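Asks: The primary structure of each chain is shown beneath.
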Amino acid sequence: MLQDFGIEIWKTYLLLFGRNEASMHIAQNLGVNMVILRAFRHHLFPENITLQLEDFPFFQHRLQLIQEKMDEWRPQKVTELWTRGYRDPLTYYTFVTAMFFGVVGILGLAAGIVQAYASFLSAG
Amino acid sequence: MLVDLSRAIYGAKKWVETKMYTENFGKYSNDIRYTALALDGFEKHVVDILARQLVHAAYEAAELQKPDSETEPLVALFDLAINFIVFLAVELHNAESSLTTAVFTKFQETHPVYIDGKGLIFHAESAQAEQFLMTTYRFGAACNIRRQYIGGNELHLYAGPRRRFGKPRDRYLREELLKVLGLAALVKSESGKTAVTGPLDELTASYIHSGPFKLKMSDRIQDHLTFRLDGTIVIYNSNQFDYLVLFRNCLAEYNAPLRVSLM
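Chains Y and D supply the protein sequences, listed in that same order. Going by my numbering, the first residue of the first sequence is number 185, and it counts up by one from there. Going by my numbering, the first residue of the second sequence is number 3, and it counts up by one from there.
Do not take every clue at face value.
Unchecked claim - To be clear about the criterion: a stretch of chain D counts as covered by chain Y if any three or more of its residues have a C-beta under 8 Å from a C-beta of chain Y, and this derived list gives those stretches:
#: 1; segment: 208-221
#: 2; segment: 226-233
Stated by the list, open to error - The calculated DSSO-like cross-link candidates involving lysine-lysine, where the alpha carbons are at most 27 Å apart (straight line), are:
#: 3; chain 1: D; residue 1: 216; chain 2: Y; residue 2: 195
#: 4; chain 1: D; residue 1: 108; chain 2: Y; residue 2: 253
#: 5; chain 1: D; residue 1: 120; chain 2: Y; residue 2: 261
#: 6; chain 1: D; residue 1: 218; chain 2: Y; residue 2: 261
#: 7; chain 1: Y; residue 1: 253; chain 2: Y; residue 2: 195
#: 8; chain 1: Y; residue 1: 253; chain 2: D; residue 2: 216
#: 9; chain 1: Y; residue 1: 195; chain 2: D; residue 2: 108
#: 10; chain 1: D; residue 1: 120; chain 2: D; residue 2: 108
These are calculated hints, taken from the structure and not from any lab test. Quantities reported herein were computed from a predicted structural model and do not represent experimental measurements. For every residue, glycine included, the Cβ atom is placed at its ideal position computed from N, Cα and C.
Hey, can you work out the whole structure from these sequences and the hints?
Replies: Right under this line is the structure:
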């Protein structure tokens, strides 16, 4: 049982870090032992097979909770509007677009004020 | 004080009934009072935990009984007793008056084990069946004061005359009673039957890091794949992985309730 538990911990490593290069890079930055990770991937999962929740008898509920949390995440603070959610990118893109047009509008207004002030000075 | 201690130890009196609690004079009187209170609490806690472990061990042993017996296996008796306690609790909750023998009859008429029962306890008309239900009721309602432990005090709140029911919660009643009886593992296995299936294709570190959550390493194996308030997902540090440490952690978690109660 303990051995199954240990192997499943490595399976979660494989799930998170072992399926694309970007994730491998993150693993390296976090200090994961890449030699063991690669060996594990090579021996136990030589092909990049699809892992399912039922492949994780010990951690399936935690993984499911992570999935749910990721799906349900929505910005709660103003600062979080800059963060793109996992399932609802519309809020993020709406905010970015609104900010873009807002900045353009403010710049246009400032340019108009400067232009009016310049023409006032030249007329005076 | 020694007399009080010996009385308390041999069960002649509770700590709070002894002179060292009631006549609290002297230099260390307050300390003694608090100690007496704590000992009462610890005593019940320790006995409860031990009793629950014994009940669970008995249940597990009963499960090993051969199924081709001429009478029902012991585990069926456990099930019958638990089902009857839950039935009693629900019936008493729904009823406005107190318990009558009609509840016993109704249980025997409605519960499926009485249809093709092998042993006498599973024959609704037999004296043994009636005696078994009555004993179960006494145990569940904590009528037998000598057995106030083994969850009796807790069950009394549900099935006894001073029952405690706020909002209707029949759905959780069985789980609560199983926990009180020391059979919490059954609750786990029952809830574990709900199939957890589905793909995990998107769950990669790069995808997680593309959004608000971030991964963070930890040396505590029990924190693996848990959330933190700051939006990080904790991953157990594989460099710390050691079967011996894992084994010790498992033992520590298993013994934690007992250790806390003994402190």
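Asks: Compare the structure with each hint and give your call.
Replies: Here is how each hint holds up against the structure:
1. Here the segment 208-221 of chain D counts 11 residues with a CB under 8 Å from a CB of chain Y, which clears the bar of 3, and the coverage holds.
2. Counting residues of the segment 226-233 of chain D whose CB falls under 8 Å from any CB of chain Y gives 4; the rule of at least 3 is met.
3. Using a Cα cut-off of 27 Å, the hinted pair residue 216 (chain D) and residue 195 (chain Y) holds, with the two alpha carbons roughly 19 Å apart.
4. Distance hint between residue 108 (chain D) and residue 253 (chain Y) is unfulfilled; the C-alpha atoms sit about 46 Å from each other, more than 27 Å.
5. Straight-line distance between C-alpha atoms of residue 120 (chain D) and residue 261 (chain Y) comes to about 65 Å, which puts the hinted pair past the 27 Å bound.
6. For the suggested pair residue 218 (chain D) and residue 261 (chain Y), the alpha carbons sit about 23 Å apart, so the restraint of at most 27 Å is met.
7. Pair hint residue 253 (chain Y) plus residue 195 (chain Y) holds up; C-alpha atoms about 21 Å apart against a cutoff of 27 Å.
8. Annotation: proposed proximity of residue 253 (chain Y) to residue 216 (chain D) holds, straight-line Cα distance about 13 Å (limit 27 Å).
9. The suggested pairing of residue 195 (chain Y) with residue 108 (chain D) is violated, with an alpha-carbon distance near 52 Å, which exceeds 27 Å.
10. Note on residue 120 (chain D) and residue 108 (chain D): the hinted pairing holds, with a Cα-Cα distance of about 20 Å set against a maximum of 27 Å.
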